[in-house]
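Using the numbering used here, read the sequence shown as starting at 187 and increasing by one per residue.
Hints are not guaranteed to be accurate.
Here are the simulated lysine-lysine pairs, DSS-like style, with alpha carbons at most 25 angstroms apart [stated by the list, open to error]:
id : residue 1 : residue 2
1  : Lys424    : Lys261
2  : Lys500    : Lys789
3  : Lys662    : Lys639
4  : Lys195    : Lys331
Here are the computed distance ranges between Cβ atoms for each label pair [to be verified]:
id : residue 1 : residue 2 : range
5  : Ser899    : Lys468    : 36 to 44 angstroms
6  : Lys468    : Lys195    : 49 to 57 angstroms
7  : Glu425    : Gln270    : 16 to 24 angstroms
8  : Lys377    : Gln270    : 25 to 33 angstroms
9  : Ser645    : Ser301    : 50 to 58 angstroms
10 : Lys790    : Asn337    : 28 to 36 angstroms
11 : Lys652    : Asn621    : 52 to 60 angstroms
12 : Glu516    : Asp215    : 30 to 38 angstroms
13 : Asn778    : Asp716    : 53 to 61 angstroms
14 : Gly567    : Glu425    : 28 to 36 angstroms
15 : Lys667    : Glu688    : 28 to 36 angstroms
16 : Ser749    : Ala339    : 34 to 42 angstroms
Hints in this document: simulated from the structure, not taken from any laboratory.
Beta carbons are placed, not taken as given, at the ideal position from N, Cα and C, and that holds for glycine.
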Amino acid sequence: MPKETPLVKQYNEIKAEYPDTLLFYRLGDFYELFGDDAIKASKIMEVTLTKRRDLPMCGVPYHAAMTYIRKILKKSMSVAICEQTEDASRAKGLVKREVVRVITPGTVIEDDLLSEDYNNFLAGLSKNGKSYGLTFLDVSTGDFKGCTLANRAELESELSGIPVKEIVIPDNERGLEEFLRINFSSITITKLNSWYFTKDKAEDIITAYFNVATLKGWEMDKAPGVTSSCGGLIEYLKETQKDRKTTLKSFRLYRIEDNMVLDRNAQENLELVRNLNEGTKKNTLYDIVDYTDTAMGKRKLVNYILRPLKDVDKIRLRLNAVEELIQKREITKELTGQFEMVRDIERILARTGFGSCNGRDLVSLKESQKVIPEIKNILSGAASQILEDIAGGLSPLEELVGELEKGIVDSPPLTVKEGGVIKKGYDKKLDKIINTSEADKKWIADLEKKEKKRLKIPSLKVSYNKVYGYYIEVTKIHTDKVPQEYNRKQTLVNAERYITKELKEKENSILGAEEKKSSLEYKIFKELRDKVNNAAATILKNAELLSVLDVLKSFAEVSNKNSYVKPHINGGDKIDIKDGRHPVVELSMGVNEFVPNDTYLDKKSNQITIITGPNMAGKSTYLKQTAIITIMAQAGCFVPASKAVIGVSDRVFTRIGAGENLAAGESTFMVEMTEVAAILNNATPDSLIILDEVGRGTSTFDGISIAWSVIESIAKLKSRTLFATHYFELTELASYMDSVTNYNFAVREWKDKKKIVFLRKLKK
187 MPKETPLVKQ YNEIKAEYPD TLLFYRLGDF YELFGDDAIK ASKIMEVTLT
237 KRRDLPMCGV PYHAAMTYIR KILKKSMSVA ICEQTEDASR AKGLVKREVV
287 RVITPGTVIE DDLLSEDYNN FLAGLSKNGK SYGLTFLDVS TGDFKGCTLA
337 NRAELESELS GIPVKEIVIP DNERGLEEFL RINFSSITIT KLNSWYFTKD
387 KAEDIITAYF NVATLKGWEM DKAPGVTSSC GGLIEYLKET QKDRKTTLKS
437 FRLYRIEDNM VLDRNAQENL ELVRNLNEGT KKNTLYDIVD YTDTAMGKRK
487 LVNYILRPLK DVDKIRLRLN AVEELIQKRE ITKELTGQFE MVRDIERILA
537 RTGFGSCNGR DLVSLKESQK VIPEIKNILS GAASQILEDI AGGLSPLEEL
587 VGELEKGIVD SPPLTVKEGG VIKKGYDKKL DKIINTSEAD KKWIADLEKK
637 EKKRLKIPSL KVSYNKVYGY YIEVTKIHTD KVPQEYNRKQ TLVNAERYIT
687 KELKEKENSI LGAEEKKSSL EYKIFKELRD KVNNAAATIL KNAELLSVLD
737 VLKSFAEVSN KNSYVKPHIN GGDKIDIKDG RHPVVELSMG VNEFVPNDTY
787 LDKKSNQITI ITGPNMAGKS TYLKQTAIIT IMAQAGCFVP ASKAVIGVSD
837 RVFTRIGAGE NLAAGESTFM VEMTEVAAIL NNATPDSLII LDEVGRGTST
887 FDGISIAWSV IESIAKLKSR TLFATHYFEL TELASYMDSV TNYNFAVREW
937 KDKKKIVFLR KLKK
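Based on the sequences and whatever the hints tell you, model everything.
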């Protein structure tokens, strides 16, 4: 076995503290990995694996590290960043190094590792008796919230609706771990000592981290499960981020019953924000209604789609704002022009809070804040309540914007420790250093001209490099003209390099000034960064209001472009849609080619609609469009119809298509029955149920019997239901059940019954 060098010894000692994490060890301009880490990482990062003294190793340039870290995170692995923590020039022996941050799938803040469309949540989860406490934190935006869930079905539904990348659980909850691995295989599961999830310890962790005396201000005292999950999450955040603290929005304790619940099946079957084939936004409801101009607006739009409102008054306020923006097209156009200047304020502020922002971040923040006075002016005549509230709530922050305008250059470099960030004229001490340095540099520039003329050596030049500093270079054919005060510094093939006493003094002055300048600039930059952090609460409020405004503008633009209508929202039991259209399908086909259809449901004589018709007739599209129109209306958007009356739904359930869950050992039929059972157990009289081909996973007679009994059960629940089927026998139910009506999709035989034409029209 090769002898362990001091460097390898240091690496192994640090690595021992992070056994399950790939250690990126800073060595000059590279991050190096050794041993097993190198073997694993070289395959994932697709870099060459080498050996030194039989020790496997690989490395990546530090400036390009994020490109490689992205590949590691995609494999649900984490990276510990180990940096030099002392000046190499002053170190005695090996330079001191330590881990300054652990990058995990749930703690990413770098823009190039994140999607601007979706949040990146780290979650904490704990079990409290039969209920669960769930806390979410998006480190990159500061979004911080939690809820209590009564059972595992609610837990699965809630985790399905929020883009969680990593979840922290107690290390003694094996059942919880198994549940997550089977149902949420894409989420990284991190186990933490269960002690951190105990109520008393969790309270201590939270109060200490946020420097508060009590949790009553967040109402966590009413939710012990949330307190436990939050304690574990914050402890993990401390372990991975070390001394770095992100800027967080105020914690929000929410109830899932405040919004329409859309479980995983509803989200996937209706393709609300991700399509089934690729998992991207293409050909989804989100894709169709996304006319947002800001990254914050995009994330807010996803939230609106997946968490539609239930409160009739709140829905109407959104619809009124959208209506005003449609009617006043000049406002929408002017807002679009202003939003072009708005960057991702939330994520910039997160980096500012962590201390990892650069000058360009502060310039982007300044430019984003500069549009606020104009946006307030644009909205000054708004009549709708939400637009009026946004105008009144936005804060221009003139003083902070002025400081950033005076302090940061318009096009700062990427780094903040090498100077070139602070404007001349902002700080007198810095100006003095800059003036001295510029005067010295001018002296050197003049020296070259003076010596060329004095010595009559036209090829003479004064240059600089990092190894030899400043020097005077003379070609060998002119060395006989070199004066006595020139001291030889370096000999080249065709030239000699010299130094003079005066040039050496100027070099020392310039390099000393550059070091002082960079140090002072960084100090000033940190002071400006602190001023931004001090205004974080106001900046976050501005970001929230701008994101809401961007979504409302987006709803107005898509509604105007595609001739959507304002739905009438009420607390009644009717869903009455005239000439309803599927928003995604109609655009792929062409508006004039899509055949619209009506829908009428209530809780009495039209509670359940049984729909028959051949394959390809349009049943699935019709089912989905009804659900999507309901979701759009409750999200606050106009809808694709000529008229729509929507009685608010508390949940939308879907059972569409065939699938299996091999990880859980469930066949296609078992998956179908499990999903139907979940619907029957959780639906209420205010739910909307969409069922397609129930009972097709077994024999015909068994399937008919199952479908028949499901309809009878739904009739007792009073849930409004669309039930598509190939079992024509089910239409007999309408003859003795007053709540059931029968419809079918019309087809026409053509050319002596040799061809069938699908009319796509629903008929009673």
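Discussion item. Output the indices of the hints that this structure fails to meet, ascending.
Written reply: Numbers 4, 11, 12, 14, 15, in rising order.
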